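Residue numbers (the working numbering), protein chains in the order written: chain D, 1 to 284; chain B, 1001 to 1284; chain W, 2001 to 2257; chain S, 3001 to 3257.
Each hint should be verified, as a subset may be incorrect.
[As the list claims (entries may be wrong)] Some chain S residues close to chain D (C-beta under 7 Å, calculated; not the full set):
1. Arg3024
2. Thr3079
3. Tyr3092
4. Ala3096
5. Gly3097
6. Ala3122
7. Pro3126
8. Val3128
[What the hints assert, rightly or not] With a cut-off of at most 20 Å between alpha-carbon atoms, the simulated EDC-like pairs for lysine to aspartate or glutamate come out as follows:
9. D:Lys243 x W:Glu2078
10. S:Lys3160 x S:Glu3145
11. W:Lys2127 x D:Asp174
12. S:Lys3127 x B:Asp1132
13. S:Lys3063 x D:Asp176
14. W:Lys2063 x B:Asp1174
15. S:Lys3063 x B:Asp1258
16. S:Lys3160 x B:Asp1176
17. W:Lys2063 x B:Glu1208
18. B:Lys1243 x S:Glu3145
19. S:Lys3160 x B:Asp1100
20. W:Lys2127 x D:Asp132
21. W:Lys2127 x D:Asp94
22. W:Lys2063 x B:Asp1100
23. S:Lys3063 x D:Asp253
24. W:Lys2063 x B:Asp1094
25. W:Lys2160 x D:Asp132
26. S:Lys3127 x B:Glu1204
27. B:Lys1243 x S:Asp3075
28. W:Lys2127 x D:Asp176
29. D:Lys243 x W:Asp2050
30. W:Lys2063 x W:Asp2050
31. W:Lys2160 x D:Glu135
32. W:Lys2127 x D:Glu92
33. S:Lys3127 x B:Glu1208
34. S:Lys3127 x B:Asp1240
35. W:Lys2154 x W:Asp2124
36. W:Lys2127 x D:Asp100
[What the hints assert, rightly or not] According to the in silico footprint, chain S covers these stretches of chain B (three or more CB under 8 Å from chain S):
37. 1033–1042
38. 1065–1071
39. 1074–1085
40. 1163–1176
Hints in this document: simulated from the structure, not taken from any laboratory.
Owing to the predicted nature of the structure, the values given are computational and were not obtained by experimental measurement.
All C-beta atoms, glycine included, are put in the ideal place defined by N, C-alpha and C.
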Amino acid sequence: MTRSTQLSLSEAIATHVEDGDVVALEGFTHLIPFAAGHEIIRQGRRDLTVVRMTPDVIYDQLIGMGCVARMIFSYGGNPGVGSLHRMRDAVENDWPASIDLIEHSHAGLANAYVAGASRLPFGVLKGYAGTDLEERGRQSGAIAFVECPFTGQRLSAVRAINPDVTVIHAQQADRDGNVMLWGLTGVQKEAVLAADRAIVTVEEIVDELAPRPHAIVLPSWVVTAVAHVPNGAWPSYAHDYSKRDNRFYAAWDEIARDRERFRAWMEEHVLSASGDTATVGGEP
Amino acid sequence: MTRSTQLSLSEAIATHVEDGDVVALEGFTHLIPFAAGHEIIRQGRRDLTVVRMTPDVIYDQLIGMGCVARMIFSYGGNPGVGSLHRMRDAVENDWPASIDLIEHSHAGLANAYVAGASRLPFGVLKGYAGTDLEERGRQSGAIAFVECPFTGQRLSAVRAINPDVTVIHAQQADRDGNVMLWGLTGVQKEAVLAADRAIVTVEEIVDELAPRPHAIVLPSWVVTAVAHVPNGAWPSYAHDYSKRDNRFYAAWDEIARDRERFRAWMEEHVLSASGDTATVGGEP
Amino acid sequence: MSEQRDGAPTPEETMTIVAAREVRDRQVLLVGVGPPNAAANLARRLHAPDCVLVYESGAIEAKPVRLPLSIGDDDLAETAAELVSVPEMLNYWVGAGRIDVGFLGAAQIDRFCNINTTVIGAYDDPKVRLPGAGGAPEIAAASREVIVVVRQSKRSFVEKLDFVTSIGHGDGSGTRERLNFSGAGPTVVITDLGVLRPGPDGELELAAIHPGVDVEQVRESTGWPLRVRDVVEATEPPSERELHTLREMRAAVRSAA
Amino acid sequence: MSEQRDGAPTPEETMTIVAAREVRDRQVLLVGVGPPNAAANLARRLHAPDCVLVYESGAIEAKPVRLPLSIGDDDLAETAAELVSVPEMLNYWVGAGRIDVGFLGAAQIDRFCNINTTVIGAYDDPKVRLPGAGGAPEIAAASREVIVVVRQSKRSFVEKLDFVTSIGHGDGSGTRERLNFSGAGPTVVITDLGVLRPGPDGELELAAIHPGVDVEQVRESTGWPLRVRDVVEATEPPSERELHTLREMRAAVRSAA
């Protein structure tokens, strides 16, 4: 086993995220790795296949900045607000470029990660039957039928997802590179274990990870790189470290509606920022 | 939803375990529900299909007392000691009666519970290929082949297990019947969620379940009955409440080797005991 | 979200309050964002104090003090009886059929309660790209009942969906049974105009109209020839208590945000 | 378990110590009960302080102070970096191939390292009913390497297994590749007589003999015509330190039990 290395965020992205990679930035409504996404944008990665259950504002930004060739997802909205306008502009008007979509339900994508983490080629679920998602998924090769060998029941299979690199944000790492996250931990364990490489940004480096309720620990030897990025989830949040910036999520609706305003915001707050700290409080 | 009812152990078994039921008493190397097993023996249940990853001494006792018609399992040894002599006597010599065996690997049985908890008809895994377990499982209808619809890879499928009743032992329940267990939590969540009914014996009834590390909570509405049985896991243990009685596990080897000695032990320590408290410290 | 602080209920407020009334105490509710979230939390503050709120983010028996703005609010994590991973939530809880009532919204709905939340227009060249499925297909398939909350218009109540994201009652010929769905499917559709319920074949029938709405208006807001029950009930107007509680709940969110 | 407190090593002690020597530092070990447990914990106390112990019961990076008597000891739970459920352990950790070295025992082993832990005799009318598979089939399939620890005799080293519980190298014709197994399979078999390693086709070859054992004795304890390497090494005798550490470890368990 090889333990993870502590790197700066810019080094971690430069070393472990390449053009054309399948990249999952996970965090379900909590601990979304925004700072790492911004560094991917700053380093100008292209032709990425990005995977996320809820693309959220972070993938709206990656898409609008032209990093994305294809997106695998299950819910592409601005939670509690409405549309992701940059995603819509790419899909509806090919701006700044067209993107391919492979879409799942939450259960479909979660089980694709579970299969990936188990190193199985597919996962099984009951959903999809009768929907156009199933039809589309069959065309894209993401969804298929499978028959229960015991009951003959027809179920849905989803192709496993094994990202080249998964990026997550966590509350803590210790000096050996073990990682702990807590609160709503979403699908992060599966996304990390399904990937070839895993980058974790953390709020804090601590001497010891004290066991606590509702926490998961990812041992150092399933993590590739740890980067210390306080507030690296903004405008999402890190339970016990920060609050979700609901105002920014609402404000993003206006920023992202307009191509020029979007570009200007990204220029000011992301492109001209340092590569190793989080963008925080960038509301205009 | 219906919340669980607090019953005495004897009421819980009398009400919810019937002759001929598929019964899972789970607890992987920890929190094994011995007291509940003893009450099933005292109440003279017959023709049970018993399910457990590690039958352990508790199923050795159920088998030796003639409660069992069939056993679904993955490892039938006395952990750290050797054989389960009552299980061997039943299989090798049909004493006190013959039992059918359906056997899995740990991964096979765990995934059969996972499928059961998900209400899917089967689970998928990579193991079994090439073994005689696969061949036996195909004959008994527990194991089958399934082909990955994406890669064509041949995998193993296991038939879901949905017990009529699952019985577990936990550290705490609150007055609403919510249950908390911690430490090594094994496959108990899956076994409870796969079952039609769930009985939980607990060390303690508390006013409030305080969140703690490595704990799982089973909400009252997935539990049927809670019975307060301190030490209900003896000679297994309940983390933070008791220690595993390693001496008894070693002593069991001698007790169970001999039919008469086994009967005498059961008579003295189980059959003649009260139905509502645990058998503890019954080493001869 | 309504900005009304006092005065008569807005159509959106009536819709939310009528949806809340459909919740019975001690039910297990799967709650998303938007009107369903408001309806479930309103019911919990009114007649269903012991209903159990489950959020797809992994919070089981959350007891949020404030109306959550997203399903990932830290308030949900802090007040939940248990937190589970997202795969566990979707497999062991939602998919396994442990939800009594799932709430769904819709961009388009058809007469058999099938739902589109994916695209308006052609999939490959959409007029409007919508967020997509989320948890809706499994909620629709596996929850014991589904309550749909959607504003009614010819644009949303359509003859034919542009995309079938989630199955309600299929084509009305026993689709759910054929597909092995364990839940009953949509049992009620609540709009800003009235209440529709599926008939024996699963086709929606107008069952009640809200105060100030007439049947003709509902017909005109429906993209197919609407079935109307012989007796159409009049929705009980929102009470002072219902309206006050809803507005207080929302005001608390706005002041905190 | 040996009751020896001082004096020369027993064959069982030599077997355990030689097994411990196969462990390299920083490897991830899946540990069961019996000799593998002793070997892994011995290696950790000697030359592999940073090896990672994983137990099927769900303990990851356990650092037991005492030699565990069962894989469910509370000491494992209390010292582990993480505890996971049994299904997660088997699917995400063992099945996914995250184990560097799996240790297996055997009631019967054949020349291609296939293993029987299920029955002696006919399955339906067995002479001896053994415990069964446990985690062995997946450990054998998915671990990067497998170390088999087993006492050698004609009863255990057999021409043909009574039951194939776990696959080693199949029939020696590329079975593992055909079955899509991700791990290399058994790379060494350590007995109380010597060390056997598979040749290029997977058939076991005698590679080393322990002190006081000769090649003929090993042949006579093998139920098939044993391949013997041109150069058979002599096992380095257990050192004072190895023997002392093993005995101390076991004495601590006995006094605590």
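Now the hints, each set against the structure:
Among the interface hints, the one on arginine 3024 of chain S is violated; its C-beta lies about 11 Å from the nearest C-beta in chain D, farther than the 7 Å criterion. A distance limit of 7 Å between C-beta atoms decides the matter here; for threonine 3079 of chain S the minimum to chain D is near 11 Å, and the interface restraint is violated. A cut of 7 Å between beta carbons decides the hint on tyrosine 3092 of chain S: the least distance to chain D is about 5 Å, and the hint holds. Evaluation of the alanine 3096 of chain S hint against chain D yields a held restraint, the C-beta minimum of about 4 Å falling below 7 Å.
With its C-beta approaching chain D no nearer than about 6 Å, glycine 3097 of chain S sits inside the 7 Å limit, and its interface hint holds. Contact between alanine 3122 of chain S and chain D, as hinted, is not supported at the beta carbon level, the nearest pair being about 27 Å apart and thus beyond 7 Å. Taken as an interface hint, proline 3126 of chain S does not check out: its beta carbon lies about 27 Å from the nearest beta carbon of chain D, beyond 7 Å. Annotation: valine 3128 of chain S was flagged as interfacial toward chain D, and the flag is violated, the nearest CB pair being 31 Å apart, outside 7 Å.
For the proposed pair lysine 243 of chain D and glutamate 2078 of chain W, the alpha carbon gap of about 13 Å is at most 20 Å, so the pair holds. Straight-line distance between C-alpha atoms of lysine 3160 of chain S and glutamate 3145 of chain S comes to about 23 Å, which puts the hinted pair past the 20 Å bound. Between the alpha carbons of lysine 2127 of chain W and aspartate 174 of chain D the distance comes to roughly 49 Å, so the proposed pair goes past 20 Å and is violated. At roughly 17 Å between alpha-carbon atoms, lysine 3127 of chain S and aspartate 1132 of chain B fall within 20 Å of each other, so this suggested pair holds.
Straight-line distance between C-alpha atoms of lysine 3063 of chain S and aspartate 176 of chain D comes to about 15 Å, which keeps the hinted pair within the 20 Å bound. Between lysine 2063 of chain W and aspartate 1174 of chain B the CA atoms are separated by roughly 17 Å; this keeps the pair inside 20 Å, and the hint holds. For a cut-off of 20 Å, the pair hint linking lysine 3063 of chain S to aspartate 1258 of chain B is broken: about 38 Å separates their Cα positions. Simply put, lysine 3160 of chain S and aspartate 1176 of chain B have alpha-carbon atoms about 58 Å apart, too far for the 20 Å limit, and the pair is violated.
Taken as a hint, the lysine 2063 of chain W and glutamate 1208 of chain B pair is honoured in the structure, with Cα atoms around 15 Å apart against an allowance of 20 Å. Of the supplied pair hints, the one linking lysine 1243 of chain B and glutamate 3145 of chain S is violated, its CA atoms being roughly 34 Å apart against a limit of 20 Å. Taking the CA atoms of lysine 3160 of chain S and aspartate 1100 of chain B, the gap is near 25 Å; set against the 20 Å cutoff, the hint is violated. The straight-line distance between the Cα atoms of lysine 2127 of chain W and aspartate 132 of chain D is roughly 17 Å, inside the 20 Å bound, and the hint therefore holds.
Taking the CA atoms of lysine 2127 of chain W and aspartate 94 of chain D, the gap is about 12 Å. The hint holds against a cut of 20 Å. The suggested pairing of lysine 2063 of chain W with aspartate 1100 of chain B is violated, with an alpha-carbon distance near 48 Å, which exceeds 20 Å. For the given pair, lysine 3063 of chain S sits about 51 Å from aspartate 253 of chain D by alpha-carbon distance, which is inconsistent with the 20 Å threshold. Using a Cα cut-off of 20 Å, the hinted pair lysine 2063 of chain W and aspartate 1094 of chain B is violated, with the two alpha carbons roughly 55 Å apart.
For the hint linking lysine 2160 of chain W to aspartate 132 of chain D, the alpha-carbon distance of about 13 Å falls within 20 Å, and the restraint holds. Pair hint lysine 3127 of chain S plus glutamate 1204 of chain B does not hold up; C-alpha atoms about 45 Å apart against a cutoff of 20 Å. Between the alpha carbons of lysine 1243 of chain B and aspartate 3075 of chain S the distance comes to roughly 10 Å, so the proposed pair stays at or under 20 Å and holds. Taking the CA atoms of lysine 2127 of chain W and aspartate 176 of chain D, the gap is about 51 Å. The hint is violated against a cut of 20 Å.
For the hint linking lysine 243 of chain D to aspartate 2050 of chain W, the alpha-carbon distance of about 28 Å lies beyond 20 Å, and the restraint is violated. Among the hinted pairs, lysine 2063 of chain W with aspartate 2050 of chain W is consistent with the structure: their alpha-carbon atoms are about 10 Å apart, no more than 20 Å. Distance restraint check for lysine 2160 of chain W and glutamate 135 of chain D: the Cα-Cα separation of roughly 17 Å lies within the 20 Å cut-off, and the hinted pair is therefore satisfied. The suggested pairing of lysine 2127 of chain W with glutamate 92 of chain D holds, with an alpha-carbon distance near 7 Å, which does not exceed 20 Å.
This hinted pair does not check out: lysine 3127 of chain S and glutamate 1208 of chain B have alpha carbons roughly 53 Å apart, beyond 20 Å. A threshold of 20 Å between alpha carbons decides the hint, and for lysine 3127 of chain S with aspartate 1240 of chain B the separation of about 42 Å lies outside it, so the pair is violated. As the CA atoms of lysine 2154 of chain W and aspartate 2124 of chain W are separated by approximately 23 Å, the hinted pair breaks the 20 Å bound. The hinted pair formed by lysine 2127 of chain W and aspartate 100 of chain D meets the criterion: a straight-line CA distance of about 16 Å does not exceed 20 Å.
Look at the segment 1033–1042 of chain B against chain S: 0 of its residues bring a Cβ nearer than 8 Å to a Cβ of that chain, fewer than three, so the hint is violated. Residues of the segment 1065–1071 of chain B with a Cβ under 8 Å from some Cβ of chain S number 0, which does not satisfy the need for three, so the listed coverage is violated. With 8 residues bearing a CB less than 8 Å from a CB of chain S, the segment 1074–1085 of chain B meets the requirement of three and the coverage assertion stands. Figure legend: the segment 1163–1176 of chain B, annotated as covered by chain S; annotation inconsistent (0 residues with Cβ-Cβ distances under 8 Å, at least 3 required).
The structure fails hints 1, 2, 6, 7, 8, 10, 11, 15, 16, 18, 19, 22, 23, 24, 26, 28, 29, 33, 34, 35, 37, 38, 40 (numbered hints given earlier, in ascending order).
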